[in-house]
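A.B. asks: Protein chains in written order, with the working numbering: chain A, 1 to 173; chain B, 1 to 173; chain C, 1 to 173.
Hints listed in this document are in silico derivations from the structure and should not be mistaken for laboratory results. Computed from a prediction, not measured in an experiment: that's the story for all the values here. Think of the CB as a built atom: it goes at the ideal place given N, C-alpha and C, for glycine as much as any other residue. Don't take every hint at face value.
[To be verified] In silico PhoX-like links for lysine-lysine, alpha-carbon gap of 20 Å or less: (1) Lys171(A) / Lys171(B); (2) Lys171(C) / Lys171(B); (3) Lys171(C) / Lys171(A).
[To be verified] With the Cβ distance kept under 8 Å, some of the chain B side facing chain C (calculated, not the full set): (4) Gly17; (5) Leu27; (6) Asp111; (7) Leu113; (8) Ser129; (9) Ala136; (10) Ser138; (11) Gln150; (12) Ala164.
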Amino acid sequence: MNHAASLELILGGARSGKSRLAERRALADGRALIYLATGTPGDAEMTDRIAHHRARRGPEWQSVEEPLALGAALRAYARAERCIVVDCLTLWLSNCLLLDCWPAQCDALFDALDDVPGRIVFVSNEVGSGIVPLGALSRRFVDECGRLHQRLAARAERVTLVVAGLPLELKNP
Amino acid sequence: MNHAASLELILGGARSGKSRLAERRALADGRALIYLATGTPGDAEMTDRIAHHRARRGPEWQSVEEPLALGAALRAYARAERCIVVDCLTLWLSNCLLLDCWPAQCDALFDALDDVPGRIVFVSNEVGSGIVPLGALSRRFVDECGRLHQRLAARAERVTLVVAGLPLELKNP
Amino acid sequence: MNHAASLELILGGARSGKSRLAERRALADGRALIYLATGTPGDAEMTDRIAHHRARRGPEWQSVEEPLALGAALRAYARAERCIVVDCLTLWLSNCLLLDCWPAQCDALFDALDDVPGRIVFVSNEVGSGIVPLGALSRRFVDECGRLHQRLAARAERVTLVVAGLPLELKNP
Numbered sequence: 001m002n003h004a005a006s007l008e009l010i011l012g013g014a015r016s017g018k019s020r021l022a023e024r025r026a027l028a029d030g031r032a033l034i035y036l037a038t039g040t041p042g043d044a045e046m047t048d049r050i051a052h053h054r055a056r057r058g059p060e061w062q063s064v065e066e067p068l069a070l071g072a073a074l075r076a077y078a079r080a081e082r083c084i085v086v087d088c089l090t091l092w093l094s095n096c097l098l099l100d101c102w103p104a105q106c107d108a109l110f111d112a113l114d115d116v117p118g119r120i121v122f123v124s125n126e127v128g129s130g131i132v133p134l135g136a137l138s139r140r141f142v143d144e145c146g147r148l149h150q151r152l153a154a155r156a157e158r159v160t161l162v163v164a165g166l167p168l169e170l171k172n173p
Numbered sequence: 001m002n003h004a005a006s007l008e009l010i011l012g013g014a015r016s017g018k019s020r021l022a023e024r025r026a027l028a029d030g031r032a033l034i035y036l037a038t039g040t041p042g043d044a045e046m047t048d049r050i051a052h053h054r055a056r057r058g059p060e061w062q063s064v065e066e067p068l069a070l071g072a073a074l075r076a077y078a079r080a081e082r083c084i085v086v087d088c089l090t091l092w093l094s095n096c097l098l099l100d101c102w103p104a105q106c107d108a109l110f111d112a113l114d115d116v117p118g119r120i121v122f123v124s125n126e127v128g129s130g131i132v133p134l135g136a137l138s139r140r141f142v143d144e145c146g147r148l149h150q151r152l153a154a155r156a157e158r159v160t161l162v163v164a165g166l167p168l169e170l171k172n173p
Numbered sequence: 001m002n003h004a005a006s007l008e009l010i011l012g013g014a015r016s017g018k019s020r021l022a023e024r025r026a027l028a029d030g031r032a033l034i035y036l037a038t039g040t041p042g043d044a045e046m047t048d049r050i051a052h053h054r055a056r057r058g059p060e061w062q063s064v065e066e067p068l069a070l071g072a073a074l075r076a077y078a079r080a081e082r083c084i085v086v087d088c089l090t091l092w093l094s095n096c097l098l099l100d101c102w103p104a105q106c107d108a109l110f111d112a113l114d115d116v117p118g119r120i121v122f123v124s125n126e127v128g129s130g131i132v133p134l135g136a137l138s139r140r141f142v143d144e145c146g147r148l149h150q151r152l153a154a155r156a157e158r159v160t161l162v163v164a165g166l167p168l169e170l171k172n173p
């Protein structure tokens, strides 16, 4: 029996409307809703962003936070009758690089995706279309982010790029 | 009677050909043409860019400049028989943030859009697909730019992303 | 008799999968394969990237390197029965700007494209969709890159934007 989750990937630039699209798609899916935030309220600016997103979502969402062990969190929360929105992968990658647990956490994510049931909608930032950043860490971040997007996109059933709140379908069953 | 202007939004990266596409679309519209520049010839580099754009446009264009009060400028110049190209929104946003008159000028723009007649083609830079900038002001710029694009895109009849001079339609009646 | 090469342009952000797509398209073309790298193994990081790309390609590829005189290299290697993948234009532009031989090398490229036979697939980075960079040289890089993309896209038979490994056709015969 195949328990692999059905995956969707939503990409977009900063403030492109990607979280909002992910929420609409998850609502339309009809399952119980979980919002898995990879950001943690570590500073005032991030606290504001989290509050802004939370205020928009309704009470039908259960919110959980996991900055690093995303694969483990999906194993804990994924159920066939649930749709999990993971928002966002770039912050998760950034957390893992800073705490030096990449690529182990990345492998753990893809292992989990083969095992867990239900539906998962990933939100992630396009970060590779600006000028190549100067620092070696920033370049590594951009590289790993691109690799992660390619790997997830190959595995996902649906991939959408959001520009100015408007969806551009990259892969659509 | 509904006087609301008909809007078009043309997005693209730096030197993607977005101004040129806006000019072609405005010319095809058939109305009298106004080019509303939000840049001012404040330094040599900007003077060059403005001259470069101006040389390309023909004598059928009336040129006006307004770095901040875009809503007021549209109220002054918009007529049912005119098509106004606003080039570009990112520079206008940048001007407003630097002089601390955002979001008042943004609200004034959207108020004006409900009242003025004619056709308006907005040109704006995609700035949110690179790595997240380090400074708080730059991050605010990217955030406000994304919000502005979403808000205008929702209101516009047509939205186009330009890549390498080639149009990718995001919203098309 | 028209000897002008048939051109394809593949654009994408960092690690978007654009080189891989170029290789697949070149393989499908059926001609003898040449990989023309514009990067040179000048530092450890670049050496790693070149080795990574080279390991992926099979023995059916002949590899050549030319960091500056791209037009001359195409004149030397292009044949009607060959498909050349040029990877990548942004690195070439960067090399030329640093050694102050732009726009002469750019003109030499377009002159060569009118004269040489065969098929050429160009790979290039989208760099203009992030925040406008602070330095004058970086801004010039972004500007020239955008102009180059527009000029090549106008001349190419096929233009594709790659996002997360997935192709978005911008121009397709």
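A.B. asks: Determine for every hint whether it applies to the structure shown.
C.D. replies: Structure-based check of all given hints:
{"no.": "1", "hint": "Lys171(A) / Lys171(B)", "verdict": "18 Å, holds"}
{"no.": "2", "hint": "Lys171(C) / Lys171(B)", "verdict": "18 Å, holds"}
{"no.": "3", "hint": "Lys171(C) / Lys171(A)", "verdict": "18 Å, holds"}
{"no.": "4", "hint": "Gly17", "verdict": "5 Å, holds"}
{"no.": "5", "hint": "Leu27", "verdict": "19 Å, violated"}
{"no.": "6", "hint": "Asp111", "verdict": "28 Å, violated"}
{"no.": "7", "hint": "Leu113", "verdict": "26 Å, violated"}
{"no.": "8", "hint": "Ser129", "verdict": "4 Å, holds"}
{"no.": "9", "hint": "Ala136", "verdict": "13 Å, violated"}
{"no.": "10", "hint": "Ser138", "verdict": "6 Å, holds"}
{"no.": "11", "hint": "Gln150", "verdict": "16 Å, violated"}
{"no.": "12", "hint": "Ala164", "verdict": "4 Å, holds"}
The structure does not agree with the numbered hints 5, 6, 7, 9 and 11 stated previously, though it agrees with the rest.
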